[in-house]
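Number of protein chains: 2
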Amino acid sequence: MKFYDCATAPSPRLVRMFIAEKGLSNSIETIEVDLREKEQMNDAFRAINPFLTVPALETDDGAIFLTSQGCWRYLEEAHPDPALLGRDATEKALVADAVWRAEQDGFLAVGEALRNTAKGMKDRALTGPHNHAQIAELGERGKRRVGHFFELLDTTMAEQPFMAGENFSAADIMAFVAVEFAGWLKLSIPEDAAHAQRWFNTVKTRPSASV
Amino acid sequence: MKFYDCATAPSPRLVRMFIAEKGLSNSIETIEVDLREKEQMNDAFRAINPFLTVPALETDDGAIFLTSQGCWRYLEEAHPDPALLGRDATEKALVADAVWRAEQDGFLAVGEALRNTAKGMKDRALTGPHNHAQIAELGERGKRRVGHFFELLDTTMAEQPFMAGENFSAADIMAFVAVEFAGWLKLSIPEDAAHAQRWFNTVKTRPSASV
Chain U
694 MKFYDCATAP
704 SPRLVRMFIA
714 EKGLSNSIET
724 IEVDLREKEQ
734 MNDAFRAINP
744 FLTVPALETD
754 DGAIFLTSQG
764 CWRYLEEAHP
774 DPALLGRDAT
784 EKALVADAVW
794 RAEQDGFLAV
804 GEALRNTAKG
814 MKDRALTGPH
824 NHAQIAELGE
834 RGKRRVGHFF
844 ELLDTTMAEQ
854 PFMAGENFSA
864 ADIMAFVAVE
874 FAGWLKLSIP
884 EDAAHAQRWF
894 NTVKTRPSAS
904 V
Chain D
694 MKFYDCATAP
704 SPRLVRMFIA
714 EKGLSNSIET
724 IEVDLREKEQ
734 MNDAFRAINP
744 FLTVPALETD
754 DGAIFLTSQG
764 CWRYLEEAHP
774 DPALLGRDAT
784 EKALVADAVW
794 RAEQDGFLAV
804 GEALRNTAKG
814 MKDRALTGPH
824 NHAQIAELGE
834 RGKRRVGHFF
844 ELLDTTMAEQ
854 PFMAGENFSA
864 ADIMAFVAVE
874 FAGWLKLSIP
884 EDAAHAQRWF
894 NTVKTRPSAS
904 V
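Residue numbers (the working numbering), protein chains in the order written: chain U, 694 to 904; chain D, 694 to 904.
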């Protein structure tokens, strides 16, 4: 198996952290794709992923998965223990809900804010093969949404220890990486959001948070 | 099991079509939530889904799933046959990839275009409990992205019969509903996109496309 990674980027970190939680960090070959050098635009990488994004995961049979969701699903099915996408039907569905929420309202909201404001991303307001110009109002909207996400984290963690309930799951990976990604915008969980702070500090101590 | 639906809206249609493919249409109680009457904003529905969206799916044990991804996952695990989220590890991951792509680049692109241009949605540029003003440039961007999605459908279907490969899956439901949703914007698959047309017409003839 080959994992196309970029040490400085948040999207592949979702898979790198998942791999670490599975205990597979030393058994999967990692290929670094330097996004700052635009290596993902090269013909060699374009042949692997025409959407020009990392993460990507290639199996020994030659199947290639091009989204964090696809990479996660393969790893979960091929290496079920420990479960990160839920154990029974109900928990699997609650994890799916929580992953979607953390991605849409957290991870992608941060991306919306960053990509529509960063000086180096004038025509790169979305990832992928098509250029899109920045929209200033969208950058502002993104920042407001990140604030709402922090509120959601706090109300969620007032009720339960982790994003999808009692157990750590991939939804916590999505939400944790989103919070750290928000640091690029100098946005962070408010100090008085005690429940969200407790959850964040708990996840931060996991070895997978440092890979 | 209770399914909170809205006959006129695209998001719950994703689950309604999935239920029909599973052969479960007559065994799940459906509760209609009239979005045109803003019933999703009522206190009664707010207690079921604080995100104020349909679909929602409630099990007999009282678990509630609030995204199409969560509803799909529960139904797939509880009623595995026929598989709509893939059968082996590789196919499950390819379906996850294709669902994500069809949702982000298709379904949500249509929503971005519609919600940022429709007269009746001035402050409803995103679903959920927070109001967001329309952004005209985002409406235009959404329409361009829908065009890119039709191109992606055509190049995908030039290589394979369905979104995730050889078999019909939930990714086809996502893409098909996205295409029909684009009709609200008077956008449709170009006539010369023969591969995408072939796929669309194949899915259109399935009984689940009419529920």
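Treat each hint with caution, since some may be false.
Repeated chains share a single entry, so a pair holds when one copy, or any two copies, can fit it.
[To be verified] Subject to a maximum C-alpha distance of 27 Å in a straight line, what follows is the list of computed DSS-like cross-link-like pairs (lysine-lysine):
hint, residue 1, residue 2
1, Lys836, Lys815
2, Lys836, Lys812
3, Lys815, Lys879
4, Lys815, Lys731
5, Lys695, Lys815
6, Lys836, Lys695
7, Lys815, Lys897
8, Lys812, Lys879
9, Lys731, Lys897
Hint data in this document are derived by calculation from the structure and do not stem from the laboratory.
Are the CA atoms of Lys695 and Lys815 at most 27 Å apart within a copy, between copies, both, or neither? neither (32 Å within a copy, 47 Å between copies)
Quick one: Lys836 to Lys695, C-alpha cut-off 27 Å, is that within a copy, between copies, both, or neither? neither (35 Å within a copy, 36 Å between copies)
State whether the alpha carbon distance between Lys815 and Lys879 is at most 27 Å within one copy, between copies, both, or neither. Cα proximity of Lys815 and Lys879: one copy only (20 Å, versus 30 Å across).
Using 27 Å as the alpha-carbon threshold, which applies to Lys815 and Lys731: within, between, both, or neither? Within one copy, since 15 Å is at most 27 Å while 38 Å is not.
Within a copy, between copies, both or neither: where do Lys815 and Lys897 come within 27 Å Cα-Cα? neither (32 Å within a copy, 40 Å between copies)
Given identical chains, is Lys812 near Lys879, meaning Cα to Cα at most 27 Å, within a copy, between copies, both, or neither? within (15 Å within a copy, 35 Å between copies)
Can you give me the call for Lys836 and Lys812, within, between, both or neither, at a CA distance of at most 27 Å? both (16 Å within a copy, 25 Å between copies)
Up to 27 Å between alpha-carbons, please classify Lys731 paired with Lys897: within, between, both or neither. neither (30 Å within a copy, 41 Å between copies)
Lys836 and Lys815: within-copy, between-copy, both or neither at 27 Å Cα: Both ways: Lys836 and Lys815 sit 17 Å apart in one copy and 20 Å across, limit 27 Å.
Taken one by one, the earlier hints fail for this structure at numbers 5, 6, 7 and 9, listed in ascending order.
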